[in-house]
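*Asks:* Using the sequences and the accompanying hints, generate a full structural model.
The primary structure of each chain is shown beneath.
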Amino acid sequence: MERVRISIVGASGYVGGELLRLLLRHPYVEIAQVTSESHAGEPVHRVHPHLRKATGLTFCRMADLKPCDVLFIALPHGQVAPRIEAFAALAPVLVDLSADFRLRRPEDYARWYGHPHPHPEWLSRFVYGLPERYRAELRGARAISGVGCNATAAILALWPLVQADLLDPERPVIVDIQAASSEAGREPNPGSHHPERHGAIRPYAPVQHRHTAEVRQALGREGVVLSLTAVDAVRGVLAIAHAWPRDRIAEPELWRIYRAAYGEEPFIRLVKDRQGVHRLPDPKAVVGSNFADVGFAVEEETGRIVALCALDNLMKGAAGSAVQSLNIAMGWPETTGLDLIPVYPA
Amino acid sequence: MERVRISIVGASGYVGGELLRLLLRHPYVEIAQVTSESHAGEPVHRVHPHLRKATGLTFCRMADLKPCDVLFIALPHGQVAPRIEAFAALAPVLVDLSADFRLRRPEDYARWYGHPHPHPEWLSRFVYGLPERYRAELRGARAISGVGCNATAAILALWPLVQADLLDPERPVIVDIQAASSEAGREPNPGSHHPERHGAIRPYAPVQHRHTAEVRQALGREGVVLSLTAVDAVRGVLAIAHAWPRDRIAEPELWRIYRAAYGEEPFIRLVKDRQGVHRLPDPKAVVGSNFADVGFAVEEETGRIVALCALDNLMKGAAGSAVQSLNIAMGWPETTGLDLIPVYPA
Amino acid sequence: MERVRISIVGASGYVGGELLRLLLRHPYVEIAQVTSESHAGEPVHRVHPHLRKATGLTFCRMADLKPCDVLFIALPHGQVAPRIEAFAALAPVLVDLSADFRLRRPEDYARWYGHPHPHPEWLSRFVYGLPERYRAELRGARAISGVGCNATAAILALWPLVQADLLDPERPVIVDIQAASSEAGREPNPGSHHPERHGAIRPYAPVQHRHTAEVRQALGREGVVLSLTAVDAVRGVLAIAHAWPRDRIAEPELWRIYRAAYGEEPFIRLVKDRQGVHRLPDPKAVVGSNFADVGFAVEEETGRIVALCALDNLMKGAAGSAVQSLNIAMGWPETTGLDLIPVYPA
Amino acid sequence: MERVRISIVGASGYVGGELLRLLLRHPYVEIAQVTSESHAGEPVHRVHPHLRKATGLTFCRMADLKPCDVLFIALPHGQVAPRIEAFAALAPVLVDLSADFRLRRPEDYARWYGHPHPHPEWLSRFVYGLPERYRAELRGARAISGVGCNATAAILALWPLVQADLLDPERPVIVDIQAASSEAGREPNPGSHHPERHGAIRPYAPVQHRHTAEVRQALGREGVVLSLTAVDAVRGVLAIAHAWPRDRIAEPELWRIYRAAYGEEPFIRLVKDRQGVHRLPDPKAVVGSNFADVGFAVEEETGRIVALCALDNLMKGAAGSAVQSLNIAMGWPETTGLDLIPVYPA
Amino acid sequence: MSQAICPECAAGVPLREDVMLHEFLTCPECGTALEVVSLSPLTLDRAPQVEEDWGE
Amino acid sequence: MSQAICPECAAGVPLREDVMLHEFLTCPECGTALEVVSLSPLTLDRAPQVEEDWGE
Ligand SMILES: NC(=O)c1ccc[n+]([C@@H]2O[C@H](COP(=O)([O-])OP(=O)(O)OC[C@H]3O[C@@H](n4cnc5c(N)ncnc54)[C@H](OP(=O)(O)O)[C@@H]3O)[C@@H](O)[C@H]2O)c1
Ligand SMILES: NC(=O)c1ccc[n+]([C@@H]2O[C@H](COP(=O)([O-])OP(=O)(O)OC[C@H]3O[C@@H](n4cnc5c(N)ncnc54)[C@H](OP(=O)(O)O)[C@@H]3O)[C@@H](O)[C@H]2O)c1
Ligand SMILES: NC(=O)c1ccc[n+]([C@@H]2O[C@H](COP(=O)([O-])OP(=O)(O)OC[C@H]3O[C@@H](n4cnc5c(N)ncnc54)[C@H](OP(=O)(O)O)[C@@H]3O)[C@@H](O)[C@H]2O)c1
Ligand SMILES: NC(=O)c1ccc[n+]([C@@H]2O[C@H](COP(=O)([O-])OP(=O)(O)OC[C@H]3O[C@@H](n4cnc5c(N)ncnc54)[C@H](OP(=O)(O)O)[C@@H]3O)[C@@H](O)[C@H]2O)c1
Ligand SMILES: [Zn+2]
Ligand SMILES: [Zn+2]
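Line by line, the protein sequences give chains A, B, C, D, E and F.
The letter at position 196 of the first sequence is residue 196 when you use UniProt numbering, and the numbering goes up by one with no holes.
The letter at position 291 of the second sequence is residue 291 when you use UniProt numbering, and the numbering goes up by one with no holes.
The letter at position 338 of the third sequence is residue 338 when you use UniProt numbering, and the numbering goes up by one with no holes.
The letter at position 312 of the fourth sequence is residue 312 when you use UniProt numbering, and the numbering goes up by one with no holes.
The letter at position 28 of the fifth sequence is residue 28 when you use UniProt numbering, and the numbering goes up by one with no holes.
The letter at position 28 of the sixth sequence is residue 28 when you use UniProt numbering, and the numbering goes up by one with no holes.
Just to be clear, a hint being listed does not mean it is correct.
Derived DSBU-like pairs: lysine-lysine, alpha-carbon spacing no greater than 30 Å straight-line [to be verified]:
1) A/K66 to A/K53
2) A/K53 to C/K272
3) C/K53 to C/K66
4) B/K53 to B/K66
5) D/K53 to D/K66
6) D/K272 to B/K53
Quick caveat, the hints were computed from the structure, so don't treat them as lab data.
*Replies:* Below you can see the structure in the form of structure tokens.
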């Protein structure tokens with residue numbers, strides 16, 4: 001079989017580096033070109049020290065891109081939509097990791113991003129690249145949108161409860177999210193400076209975070225709100241969702257519901273133990289892998305359900321889900337190139 | 001003025017070390033004895049390396065304690081109640097940092113700790129040592145209970161809202177808490193082992209945490225629930241409380257309410273900025289000090305109030321509040337010995 | 001081809017977990033049994049949360065071991081030598097990760113470990129499992145000793161200089177080593193407690209570290225001394241070796257020497273860049289992989305050579321080198337099962 | 001007594017913030033003005049969140065400085081020398097924290113900084129602000145240079161050995177230094193970005209570091225070389241100096257020598273214990289204080305002396321030593337305003 | 001092989017035919033330590049555990 | 001000194017008598033950058049700010 005030729009735009013970023021880590025080992029693809037404006041002409045390993053010896057590629061400019069089979073785009077939010085026609089001219093299959101094509105409805109985009117979408121006609125062509133939610137739609141898809149990492153953690157924690165129609169529609173679901181520093185990408189800023197960020201427990205978006213839109217869209221439910229806090233880790237997202245059932249529910253019943261939803265999922269692990277250090281999902285246990293760990297607890301006194309999901313923001317929260325989605329779209333085995341066991345402890 | 005003679009039981013622990021850091025510089029007191037069963041006879045600085053040169057004391061056993069003016073007790077939960085009569089025989093003033101005398105009602109203790117209190121008659125003699133809530137009761141108090149660190153963060157975030165009777169009584173308040181590792185004291189365990197705890201975002205008590213009892217008692221409100229997560233920091237607690245007002249409220253009004261509640265408090269700082277890295281409370285900004293930083297945000301779309309409090313668990317969450325309470329009880333200026341500026345960045 | 005059946009003794013430890021991470025993906029082997037005395041009967045993933053879904057194995061006791069093709073032993077130092085005959089009775093091929101069979105000469109063992117070796121006759125049967133140094137001896141080996149992680153970093157930094165006979169024999173080589181916390185294994189102790197170890201820069205063996213013996217044996221040179229410091233990382237060793245050449249040497253000449261030594265090595269990367277963040281070896285860039293990054297610098301004024309090596313203590317410093325050595329011993333392609341790209345940033 | 005009026009130039013930086021933390025509590029001084037070009041007009045606590053409630057000052061521009069009694073200058077290296085006449089016109093006493101006036105001899109400056117000093121005539125007017133070395137010269141000084149933090153750790157570790165003329169003059173002293181991230185100041189850069197710096201053990205100046213010049217000047221000895229490594233901590237420097245004595249020396253003799261040198265020093269603690277976690281100096285034990293912990297070990301086999309010093313780079317390595325030096329210069333008790341116990345654990 | 005229901009997670013726990021009363025086993029789904037508390041009907045309960053409490 | 005109300009936090013912001021239209025100042029309570037948008041009545045509004053966005 002001839003290998004599918006893939007180019008990556010914005011390959012000097014963290015998501016770009018993670019795509020390279022995955023695709024360089026993927027048996028059905030080869031990397032054609034990788035772009036960076038600020039490091040054009042330099043070897044990839046100068047920016048991605050882990051990729052030394054894994055690739056001899058050098059970065060080129062976006063302007064030097066040649067046609068290819070699949071184009072991955074890992075540019076910052078807002079940088080893709082204006083260029084979408086140019087990208088589409090380069091490749092028949094697009095995978096955009098940015099937030100530009102995650103929402104289906106133009107009015108949602110306008111509401112959460114504060115300005116109208118420059119190419120609203122493209123919104124409905126994209127499939128949201130979360131296989132656990134949109135696997136059927138991903139088959140044969142030609143435009144795949146990457147996921148929001150925080151959104152994915154919230155969605156995967158809550159989806160079984162929503163799907164089973166368990167939740168009280170009158171009561172909002174509150175999702176507290178703890179996020180690691182690589183979420184914000186490679187560009188330094190005063191808040192990412194090591195002396196400032198080390199040891200911080202910094203609430204940075206207690207209300208009205210943009211990922212709320214994706215979560216609501218995927219869950220089909222308005223009453224979900226998010227609060228985000230930055231903590232001292234490099235990779236990882238933990239979502240803690242507080243939800244109220246219509247009727248009291250016991251834990252064994254929740255086990256059944258989560259098993260029904262995720263029992264066949266290759267990358268979801270149910271974590272709920274009564275012993276040991278690792279009783280519930282912790283992003284530390286998935287670092288470097290495409291796993292999302294999901295768990296739950298019920299508060300006997302109040303009936304509150306706490307649903308949890310831990311994932312690696314650069315993997316299940318970005319590059320991993322994107323490659324998984326591409327595998328589905330291309331008709332390859334879904335786990336191809338993603339058989340990575342987490343690195344622990346690290 | 002003669003210095004008040006203070007002994008500390010359980011002085012080899014983290015709270016014990018913090019009490020020493022404060023009391024060794026306190027102008028009205030002197031340290032008489034410090035106990036440790038496992039380090040009796042050893043110099044204090046072997047266990048507390050920061051106290052080298054600050055004191056030449058050595059630990060003695062509890063059995064060797066002599067009468068003193070004030071006895072601080074920093075033993076683990078459950079170790080104080082059975083010995084309370086013996087401690088009371090040693091000193092006219094007791095300050096117990098453990099959880100043994102925090103609840104007023106014996107039935108609350110039995111419910112949350114799973115067994116009846118061995119000395120219920122003592123419960124009502126203790127005052128909960130949180131000056132922002134019980135200053136009047138602390139004046140002249142002879143038995144002071146230390147606070148729970150997580151509880152204190154939750155209480156201080158919410159108290160102004162409760163006091164102003166702003167909250168919808170029908171809707172529960174959910175408090176997400178992120179906690180640092182020194183909370184659990186000095187004793188190593190599999191979960192505190194550095195390779196396991198480093199980089200962790202570990203939900204360890206998503207439902208039914210014991211501190212809930214203290215929070216409800218102090219707020220006089222049943223519908224409060226807590227969820228706790230361990231993060232990679234040594235000192236610090238952040239409480240993020242999600243609350244729903246009876247009626248929509250705007251941020252300037254909340255400013256007024258928080259200012260009314262805390263404007264005169266020496267150790268509370270309102271943190272809510274629109275610029276810079278430090279827009280909301282972060283425990284990193286209070287390390288080593290007795291400050292509790294309090295802030296809030298209102299979600300325009302939903303009306304949700306997010307109330308936040310950040311503190312140093314060993315200071316405002318333990319030793320700092322205890323010394324502040326003693327100052328009040330003894331009639332000394334409330335901030336004596338507590339004029340420490342946080343160490344930042346650290 | 002029938003898969004080779006491997007059992008692992010001491011599989012609940014960190015090296016045991018890393019061996020599992022590698023061997024569960026190794027195409028020529030299958031895992032037969034894994035032992036743990038304290039977790040016998042429990043699923044492997046309770047202790048190794050990353051291995052959830054990667055294996056359904058449960059631990060058994062050492063006493064329950066059955067014969068197998070290859071026995072990996074990952075017990076603490078001192079626990080293997082007394083049992084060596086029993087282990088040898090179980091399998092024709094032994095790979096011992098402990099320090100018990102690293103030294104060739106019984107008198108070296110006695111000198112550095114303070115007591116005579118209980119089975120000195122076995123010492124010469126073992127080959128030191130560092131392919132970059134002993135590849136020829138490893139072919140067909142039936143008893144392989146794992147390496148010391150600190151020792152490996154020192155050896156790999158210095159070996160090209162020694163091999164090229166560049167160093168002044170009169171002047172000692174000083175090796176400063178910074179070490180991460182997983183080096184000490186899974187057992188908690190007061191020094192590994194998170195509040196104590198977080199942020200520490202703790203010199204713990206400034207003189208006379210035991211790994212010195214291995215380094216001298218591998219380099220064939222007496223005048224090498226080590227100093228070790230524990231720093232705040234979970235995985236990684238950095239060795240900084242200060243050496244003095246017989247005659248002044250310039251960097252281009254050193255490039256030639258290091259390239260001659262390591263140009264063909266699959267797991268050694270020469271790192272010496274004049275630009276960017278990653279100019280010299282840093283263990284952060286090899287996390288989770290079997291790479292050892294090697295670099296150097298020459299001080300023009302004094303002639304001092306600084307030779308550096310960074311590796312992941314659980315991989316190139318333990319499980320990775322062991323699997324690489326087994327591959328050689330069995331005649332398999334040397335990199336089988338070791339094609340892991342580091343996880344970065346993490 | 002009227003308070004001495006102090007202004008601080010470059011007060012928005014980390015050293016500036018630390019000077020404020022100290023001087024705001026100093027009983028003999030008051031702060032007149034604090035400058036920042038990029039935050040002029042903003043409250044100090046926006047940049048220094050720990051100083052909220054400790055001061056209501058706002059930053060002004062350098063151009064708005066008025067005359068004062070003492071001017072502290074905390075600008076980056078190279079920014080002070082060209083302005084020295086202007087600063088001298090503002091205040092009769094100058095304390096410059098930068099590296100611009102640390103070296104006595106213009107030729108040393110030219111050699112290590114690569115260009116001639118713009119105001120060589122000022123070099124000899126400055127006293128190097130390390131009381132343990134230059135106390136006599138500091139009395140009455142009117143121009144004080146701050147110290148290099150790495151240099152100070154190296155000097156304090158070695159000074160007793162040099163002073164006692166113990167070291168073999170033929171053999172170079174090698175100093176390995178591990179440094180925390182606040183050393184580099186507040187300005188973010190690609191290497192200080194949290195995802196890059198977290199968990200790093202990054203050799204960044206293995207040869208020819210500029211601080212070498214200060215170390216040699218203070219020790220009066222040429223053959224000293226430094227190697228620097230960045231580790232994952234915010235505050236702290238550890239120097240590990242490897243030195244060779246003229247004649248074998250035993251540890252009790254070294255105890256005598258270090259005690260003779262430092263027994264009366266208010267801020268030096270000798271740390272050398274045979275038990276417990278804290279046997280040798282670790283910067284973690286001095287965080288937030290002006291202490292420098294000094295220790296040593298002798299390698300029996302080789303005679304090598306390892307001398308160690310741990311300090312807080314912002315305190316003993318910068319602001320602390322500067323205030324201590326000012327105290328001496330002004331004739332105040334040397335420890336005024338510096339009676340801070342380290343914060344531990346943190 | 002017969003089955004019994006895990007009281008913790010409602011998974012089916014496979015049991016050997018010769019399983020004995022008071023035998024201990026581990027639920028393969030949720031990892032809970034279980035005890036066979038009745039043979040007919042085959043019933044499992046959580047095995048008594050030493051409480052680990054490493055709270056913060 | 002006269003006062004105006006901070007639109008962000010409702011604090012009283014002290015103003016010099018000779019304060020000018022479009023003058024910029026900082027609320028001492030909440031730190032918000034403010035602009036004098038009217039002199040009678042004395043009215044403050046949030047000053048236009050370059051948006052810093054360092055989101056994760
Ligand atoms: N990080 C995560 O956890 C995560 C998770 C899910 C989704 N995402 C999304 O994935 C995308 C990439 O994120 P990232 O974390 O990899 O960001 P990043 O590290 O900042 O990388 C961004 C890339 O885009 C390039 N770039 C930056 N500004 C540009 C501009 N104005 N025009 C053209 N190219 C530009 C950069 O390279 P040069 O400057 O060298 O050209 C770099 O290659 C973002 O849209 C992000 O929202 C990220
Ligand atoms: N850490 C916090 O953030 C925090 C905050 C608020 C309240 N508290 C409360 O403060 C108290 C002390 O906490 P900590 O963090 O300091 O704990 P810690 O570090 O574990 O110290 C406990 C002290 O008690 C002694 N001790 C332990 N077990 C004992 C026993 N069975 N009998 C007698 N003495 C015993 C220990 O010393 P020896 O073993 O040497 O005798 C040690 O001095 C606890 O009740 C805790 O709940 C802690
Ligand atoms: N960690 C490293 O970076 C590294 C690098 C190179 C070499 N090594 C060597 O590799 C070996 C394993 O290291 P590690 O880090 O994996 O240690 P570890 O995490 O402490 O694991 C040790 C294993 O041995 C078992 N064990 C402990 N004490 C025992 C005893 N007295 N009798 C029988 N079994 C016992 C433990 O399990 P149970 O208690 O459950 O039985 C555990 O499975 C050591 O010899 C070490 O020197 C380690
Ligand atoms: N950090 C340490 O551990 C340490 C230890 C010993 C000595 N030192 C020395 O102390 C000095 C300050 O270090 P730091 O760590 O505080 O650095 P910093 O955090 O970068 O602060 C530098 C200060 O200078 C101002 N500044 C920067 N560039 C300027 C320019 N071109 N012209 C005028 N002002 C400028 C900055 O404020 P604005 O940009 O807002 O004006 C800031 O207030 C340096 O010379 C350093 O070498 C530092
Ligand atoms: Zn089960
Ligand atoms: Zn305001």
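*Asks:* Would the pair A/K53 and C/K272 pass a check requiring their Cα atoms to be no farther apart than 30 Å?
*Replies:* Judged against 30 Å, a Cα distance of about 14 Å means the pair holds.
*Asks:* Please work out if A/K66 and A/K53 have their alpha carbons no farther apart than 30 Å.
*Replies:* It holds: about 25 Å lies between the C-alpha atoms, which stays within 30 Å.
*Asks:* Is the straight-line distance between the alpha-carbon of D/K53 and that of D/K66 30 Å or less?
*Replies:* 25 Å, holds
*Asks:* Decide if the proposed pair is consistent with the structure: B/K53 and B/K66, CA atoms, cutoff 30 Å inclusive.
*Replies:* OK: B/K53 and B/K66 at ~25 Å, within 30 Å.
*Asks:* Compare the distance between the alpha carbons of D/K272 and B/K53 with 30 Å, and conclude whether the hinted pair is satisfied.
*Replies:* 14 Å, holds
*Asks:* Below or equal to 30 Å on CA atoms is what counts here, so check C/K53 against C/K66.
*Replies:* 25 Å, holds
In this structure, every one of the numbered hints holds.
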